[in-house]
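Colleague: Residues per chain, in single letters:
Protein chains: 2
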Amino acid sequence: MKNKYIIGIDLGGTYLKIALFDSSLRFKEKKFFSTSEFSQPESLIDGIAEAVFEIIKENKLKNSDILGAGLGLPGPIDVKNGVAHFFPNIPGWIDVPVAKILRKKTGLEVFIDNDANLMCLAEFRMGSAKGAKNAVCLTLGTGVGGGLIIEGKLYRGSSYAAGEIGHMPINLKGRPCNCGGFACLESYIGNRRIATLVKKVFKKDIPLDEVSRMAAKNNSKAIRVWEDVGAKLGVALVSVVNLLNPDRIVIGGGVANAGRVLFSKIEEVIITRAMVVQAAKVKVFKAKLGNDAGMLGGALLVKEHSGGL
Amino acid sequence: MKNKYIIGIDLGGTYLKIALFDSSLRFKEKKFFSTSEFSQPESLIDGIAEAVFEIIKENKLKNSDILGAGLGLPGPIDVKNGVAHFFPNIPGWIDVPVAKILRKKTGLEVFIDNDANLMCLAEFRMGSAKGAKNAVCLTLGTGVGGGLIIEGKLYRGSSYAAGEIGHMPINLKGRPCNCGGFACLESYIGNRRIATLVKKVFKKDIPLDEVSRMAAKNNSKAIRVWEDVGAKLGVALVSVVNLLNPDRIVIGGGVANAGRVLFSKIEEVIITRAMVVQAAKVKVFKAKLGNDAGMLGGALLVKEHSGGL
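Chains as they are written, first to last, in our numbering: chain R, 1 to 309; chain W, 1 to 309.
Possibly wrong hints are sitting among the right ones.
Identical copies carry no separate label here, and so any pair may be met within one copy or between two of them.
Stated by the list, open to error - Straight-line alpha carbon distances no greater than 25 Å define the calculated DMTMM-like cross-link-like pairs of lysine to aspartate or glutamate that follow: (1) LYS199 - ASP46; (2) LYS283 - ASP95; (3) LYS133 - GLU304; (4) LYS283 - ASP78; (5) LYS173 - GLU268; (6) LYS288 - GLU54; (7) LYS281 - ASP78; (8) LYS133 - ASP95; (9) LYS80 - ASP247; (10) LYS173 - ASP205; (11) LYS281 - ASP95; (12) LYS204 - ASP228; (13) LYS173 - ASP228; (14) LYS153 - ASP247; (15) LYS204 - GLU267; (16) LYS28 - GLU267; (17) LYS130 - GLU151; (18) LYS153 - GLU29; (19) LYS153 - GLU304.
Honestly, the hints are just simulated from the structure, not real lab data.
So that you can see chain R by itself, here it is in the shape it has in the complex:
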């Protein structure tokens, strides 16, 4: 096992990211593909298989040099059977046995999991949740994803669907959410919703990363936007903190770049509203691994299945 390489893959709404790692999980190569050209599940899986062939070939490796491939997917996954139930933001997938198909196409061991779970696994092993006993990881983007580390292990729940922090209701009443529920955290702080808030506050469209830069320069309107996001997110985290009593919260995804104003507001809400013992124990950090987290998590998943963790 020592000299074997591992492939980590992260499928998002925009990009398919694939990386070749050595056995110590150092990047040997990283490649991005646009997912827009793959309209059907079949063509997307073919695209993944081709990307795998390409990265193996370009690095002059053979299949026997590869320990396996780990793939993160944006939806609920039956981890045991390698089946993707559906993807909220990519239509056309219903109970696709992705792992089995990719195993057949590539001849490699293939493992799949939810992308937020893999981000959480990566942050726990190599990032901002390292050393935590119980950690909660979030990714803030178009969707609000989450993963849980419980007693030092990724916790997946009774049907591999745990960690959906974005779909915790934070209000008795509220707007409908993509998930079918309503008043979910994601319906308040998903990127599209923040963009709507930005338009309302600034009377025009401004990209969210620009709003982050403006907040860093003390623009009061930009600060108001991120304080509002932090206030909403804080309420969901009060629930999580009182329920799970974690020692670490790690926040990643584009919105985490909003910086100090966002994190200060989150901490303020936790201190104000969470119970004393729980609030005193938890530390809130920005995620460390950025866009690499998903690929690293995929590689860690292979290690986990191979008994290497």
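With the hints as your guide, set chain W onto chain R.
Modeller: Chain W alone, transformed into the frame defined by chain R:
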């Protein structure tokens, strides 16, 4: 160990309940004491020690016949060091090393834990959560307590304070809660709050168990009360279901006697608002062990510490 007895103790706001169990956790004796006579922590701990002496003596046993005593307390507990941090509804306790004091006074092995955790442990081993992999237990009373079974084990969190379902906010804004937060589930469905709702609906005070009987006879006002409670509790459970993806929810405490109308409403909210995969997996049951759960949980705690579980 086979022939040893175990003592289980449950300290509530109204009663101190103590039981002697045989090694198979069958009740040999059960005694209730009023807690109202114990105004100070010292006198309450003395009272517990005396109750322990009494039950041992009356059953013609010696200390060496007792494997240990397990005690459930109504507040956050440092389980490892046997320290009770404080009790929300019993003033005067700050970081009292209860286990150490009781060990010294009784000469027995003493273990302590939060009462809702012990209720959950009992329901998991012997009650409505038996056979579950991941379970959420609630007790509905003056306070709303909770306990979590994660991967077949009682989960206590990073500072032994996990499971506080009663203090998950279910609204962005709302009334202040005893815990210092606001809009917590408990501030909507704690017994006192339900009593206020009953008075508003019926224009007079009616005991909650009477309201349950009236609901069973299709009284529309009584049904309205329990549907309101179920709607609020349901929202908190949607959060728990989407976050933890449990296979079982067990609801105990006096309010659980409200019956079908309460449970139907809870299930309706979960089906309406929780995510499809998670909602399909979870079953909601009434607790089975009633008032015995705390004492049984105390005895199970002793077994757990003695390697008997």
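Colleague: All the hints need checking, so say for each whether the structure fits it.
Modeller: Hints versus structure:
no.: 1; hint: LYS199 - ASP46; result: neither (40 Å within a copy, 65 Å between copies)
no.: 2; hint: LYS283 - ASP95; result: between (37 Å within a copy, 23 Å between copies)
no.: 3; hint: LYS133 - GLU304; result: both (18 Å within a copy, 21 Å between copies)
no.: 4; hint: LYS283 - ASP78; result: between (31 Å within a copy, 19 Å between copies)
no.: 5; hint: LYS173 - GLU268; result: both (24 Å within a copy, 15 Å between copies)
no.: 6; hint: LYS288 - GLU54; result: neither (29 Å within a copy, 59 Å between copies)
no.: 7; hint: LYS281 - ASP78; result: between (33 Å within a copy, 13 Å between copies)
no.: 8; hint: LYS133 - ASP95; result: between (33 Å within a copy, 24 Å between copies)
no.: 9; hint: LYS80 - ASP247; result: between (28 Å within a copy, 17 Å between copies)
no.: 10; hint: LYS173 - ASP205; result: neither (28 Å within a copy, 29 Å between copies)
no.: 11; hint: LYS281 - ASP95; result: between (40 Å within a copy, 16 Å between copies)
no.: 12; hint: LYS204 - ASP228; result: within (18 Å within a copy, 42 Å between copies)
no.: 13; hint: LYS173 - ASP228; result: both (18 Å within a copy, 14 Å between copies)
no.: 14; hint: LYS153 - ASP247; result: both (14 Å within a copy, 19 Å between copies)
no.: 15; hint: LYS204 - GLU267; result: neither (30 Å within a copy, 43 Å between copies)
no.: 16; hint: LYS28 - GLU267; result: neither (38 Å within a copy, 50 Å between copies)
no.: 17; hint: LYS130 - GLU151; result: both (13 Å within a copy, 22 Å between copies)
no.: 18; hint: LYS153 - GLU29; result: neither (28 Å within a copy, 41 Å between copies)
no.: 19; hint: LYS153 - GLU304; result: both (10 Å within a copy, 22 Å between copies)
Checked against the numbered hints above, the structure violates hints 1, 6, 10, 15, 16, 18; every other hint is satisfied.
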